[in-house]
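Asker: We have chain A already, so just place chains B and C on it with the hints.
Residue numbers (my numbering), protein chains in the order written: chain A, 1 to 341; chain B, 342 to 898; chain C, 899 to 1113.
Take these hints with a grain of salt, some might be off.
[Said to hold, decoys possible] If you want the footprint, here are the derived chain C segments under chain B, 3+ residues with CB under 8 Å:
{"hint": "1", "segment": "904-914"}
{"hint": "2", "segment": "919-928"}
{"hint": "3", "segment": "938-951"}
{"hint": "4", "segment": "1040-1048"}
{"hint": "5", "segment": "1103-1110"}
[Stated by the list, open to error] Distance ranges between label pairs, derived from CB positions:
{"hint": "6", "chain 1": "A", "residue 1": "145", "chain 2": "B", "residue 2": "363", "range": "57 to 63 Å"}
{"hint": "7", "chain 1": "C", "residue 1": "1033", "chain 2": "A", "residue 2": "302", "range": "19 to 25 Å"}
{"hint": "8", "chain 1": "A", "residue 1": "75", "chain 2": "B", "residue 2": "827", "range": "57 to 63 Å"}
{"hint": "9", "chain 1": "A", "residue 1": "249", "chain 2": "C", "residue 2": "1022", "range": "27 to 33 Å"}
{"hint": "10", "chain 1": "C", "residue 1": "1022", "chain 2": "A", "residue 2": "100", "range": "56 to 62 Å"}
{"hint": "11", "chain 1": "A", "residue 1": "145", "chain 2": "B", "residue 2": "809", "range": "30 to 36 Å"}
{"hint": "12", "chain 1": "B", "residue 1": "355", "chain 2": "C", "residue 2": "1000", "range": "50 to 56 Å"}
{"hint": "13", "chain 1": "C", "residue 1": "1011", "chain 2": "B", "residue 2": "405", "range": "54 to 60 Å"}
Calculated directly from the structure, the hints in this document are not laboratory data. Quick reminder that beta carbons are idealized off the backbone N, C-alpha and C, glycines included.
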Amino acid sequence: MIFDVCQSLAGSLHGLLLAQNEASSLRFFPESASTLAPHTDALFWTLVLICSAVAIGIAIFLVYFLIRYRASSSADRSTPPGTILWVELTWMIIPLMIFIIIFLWSAGLYFFMKRPPKGNALDVYVVGKQWMWKFQHPTGQREIDELHVPVNKTVRLMITSEDVIHSLFIPDFRVKQDAVPGRYTSSWFTGTKPGKYHIFCAEYCGLNHSYMGGWIFVMSPEDYANWLQKNTVAESMSSAGAKLFMRMGCSGCHLSGGKLAPALNDLYGNMVVLADNSRTIANYQYIRDSILLPQKQIVAGYSAIMPTFAGLLKEQELTQLIEYIKSLSADQKGRLNERSY
Amino acid sequence: MNDHTSAGRVDYLNNGYGLKSWLTTTDHKRIAVLYLISITLFFVLGGVFATLIRIHLISPRGVLFGPSIYNRMFSMHGIIMVWFFLIPSIPTVFGNFLLPLMIGARDLAFPRLNLASWYIYVVGGLITIVMAILGGVDTGWTFYTPFSSMFSNSYVLLTAAGVFIVGFSSIFTGINFIVTTHTMRAPGMTWFRLPLFVWSNYATALILVLATPVLAVVLLLIAAERGLGIGIFDPSLGGDPLLFQHLFWFYSHPAVYIMILPGMGVVSEVITAFSHRSVFGYSFVAFASMAIALIGFFVWGHHMFVAGMSMYAGLVFSLLSYLVAVPSAVKVFNWTATLYKGRINFEAPFIYSIGFIGLFTMGGMTGLFLAALPVDVHVTDTYFIVAHFHYIMVGGMVMAYMAALHFWWPKMTGRMYNRPLAVIAALTIFLGFNLTFFPQFILGYLGMPRRYATYSPEFQMLNVLSSAGASILAVGYVMPLLYLFWSLAKGKSAGQNPWDARGLEWEFADSPPIPDNFARTPVISWHAYPYDRPALTIGQEDLFDSTLKPESPDARH
Amino acid sequence: MHANNPNLKHQFSTLEQQHHSYVAGMWVFLATEILLFGGIMVSYTVYRFQYYEAFTAGSHDISLPLGTVMTAILLTSSLFMALSVRASQLNQPKLCALLLAITIILGLIFLGMKAFEYYDEFHKHHFPGRHFAFHGVHLTHVALFFSFYFVMTGLHAIHMMIGIFLLALMAVLSLRGHFNSERYEPVEMAGLYWHFVDIVWIFLFPLLYLVGTAQ
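Just chain A, same shape as in the assembly (with noise of 0.2 Å):
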């Protein structure tokens, strides 16, 4: 169909722009290194040849009006219409359903960048802050402007930011997400090529907003189990949490059978049934603020007793405590609920 021509349309051009990015520094396209890239590409390249196909369209008129009718020649000039219904009309309705398609296809495409693959993927926790990226693996690493992954595998993103609003971007994967404070946003990608790649903060952050970025590096498997042999560590993000959880005094209510506060075995990606009668499943979003303002929502049947810790955890901290809580809900298996990402 459509889409298959422009692929391949598209593949043809990136290739010739690729063998002048080897060639040189000098590059006019980026890399396409993640399984959404050829598809943002063809639905870039579709775009750009329907509007050069109406620009040229238009220049052809302008200039073949512009000459036949210029003030010196001697072209019929008699009656000159005042309107063309029928004309008025196609140029109305031919664009806007070219616009349709085109809505259509990229919401199609917009589903699939929103929906991460379900099931075997790797969990990276973001933090922003000025002017760095913090990166924290669920096995335990901590990355700071840099991120090293496995090729193939689905890297699950889930970002937010100390400060100031910063923007997560990859340009060879065509991701983009924002990291804004109080809240997780998400996004993923599937790394297809080994290499190294551009990250850069797209959201204007301060004084060197210019100089937050690093490098992504997807891995072969051989090279990634080499670097995480080389990069052990101590804890896993839950078994941190799980500390945490102990020594903030958690434990305290929520282990206490039901009585005191909510059990949590169980919690992550379930529904939650709201002292208001109101429902809403238990993600990433809803422990962050019970923790952080656990007077937001009370959950049926409890009182409003549960402390803030606003100001007492540090969001790698946070993060660690929500992995705990994840983990509590994965099954034999160590699968968990996918409703919640």
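Answerer: Chains B and C only, in chain A's frame:
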């Protein structure tokens, strides 16, 4: 054609000399000139910032300054260009000058309010200049929270005050235009006999009046958060930084239509004058202006696709953003068709207008790219966006401003400028513009983010190309400054209707017009662009052609 | 060409056009005010739904009786305002000025009560910021409620002060014989403004004072 030389004739320019007579004037034409001077000053100031930015970006490490100053440079450039040049420009200079003339009135409905608008503009502008001298603001013209309200160490409150004040200038101008268009039309001037420039300014005035107050609200809230320390957008208090973005863009997206609609009105006038025929599809163009104003209020979310909005909101805003492109496309097609069976003269205003059609089309079509959610996710906050809006604002709006300036200069001043030189300047601007901004589309897709004081080395060549183009563009802008000024002293007397155009300002008003605009109140019996009859002249204001019947504006012309 | 009626401004052709233009201008200006207050009310409403309990607690804390009395006073002042416009229409400048004076006094009483309310809230440490403290319930979003309370009522109060100044100006001009049955638009326009400020309060009152009272 009559040629009223100035011997003994009183016109609005020589009707009282001295600073006091100008600073206390209520004549809409003098106020237009006052605005012309102040707007030109701000355009130059904003242009200086732009020049410094382009020089600085020649090298990846930055040529001129460190990030602290660079961040202030682009912020000041944006603030000055948006609020002190683009938004006022055509309405306050040409809208003020022409609206009463085009509808057959002596003045606007509220002349003193008009003068107040100018003073308020000046006060807002002075505050902004003071702020710039004190060190400027480094938040970008978009002031996103929590950076602007809780983190920035610059003059945010002072800037907010300046912009808040100049907002009132916009609102008062809008009120004046709306009421004037409704109540002050001369006998026989029905809505569908109005020049399309009036329709465009009317639609603009509607947006000015309805959108600007929301800007006032958001500035007040930032001031409260920053000045009083009360948290409205502060996440630790449960505030939502995204609420700021919604409020801000609810104003700022219609604001871009405030900036472009008057330019479209100018293009309608100039294309008809220099094709020497009526516009094709009059009512379609008129209704398209209103449609753009209306739909433009419902698309603000497309600035926030990656901000953390829900997926469903994204889809709604995407669809509406496609819809708003339709009326703009309709206008472009109608202007092109207006050339059919015309008698075309390639004067400078016409060159600028054709340039507008080309560049606005390109800029507008890249808007389609941005309405496509997946593409926008990749290119938002990159130079693709910068290129997109500069194509529309500079390639579109500024060229329309230049077209207006060159078209109505003889009417406003009574002088003609050097016409060949003007054509050369227009072509220089067109060339310089494309060289400056086309490479930025490529830079954006490559991934160069915007508002970067330093950048990754692989982006350098395209940046150098862009800066080279900017130097050509600068030359193009300096030229009119010089020859237009020169024409004031040494230009030939222009005559009442040097372009043989149609419209009340050309046919019944002198160059320059008398203070009351018309010797007698015109009585209108023709459609807006009567190129099917010879131009009338002063003295024929109520010539009624009984052979013409009231007709539809789109009828055979 | 132009009538020599001293009541007719130079740019207008007829009195009717003049009257029509002035009134239309004021209505368009009021439209901008609707967007101004509307914008901030929408923001308030978003948070009110998100943090219902906190906003209820905040709302219960500000004085409902006081708010009710203030509403009554403002509504009454609008009555006198309408009567003063009528007096001006009927060529009764002294009566007009008197009625305007009563309107102003009622407005000043309203502002006085508001000032008292503010003082009270300051005293209870309810002004948001570093020194904010809300006893009783430990709700972090109550500060947000008070932020909006002060901004919204403050904005309204500023509009009232502008209105009072306008009315005083109208009263003085009326006494000086500026208005008559051909030319009373300024009073009418001031009246429209005053009624609008009143209507804003009619929206603010339930939004701020009546949260959670239906239950």
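Asker: Hints broken by the structure, by number, lowest first?
Answerer: Hints 5 and 8 not satisfied by this model.
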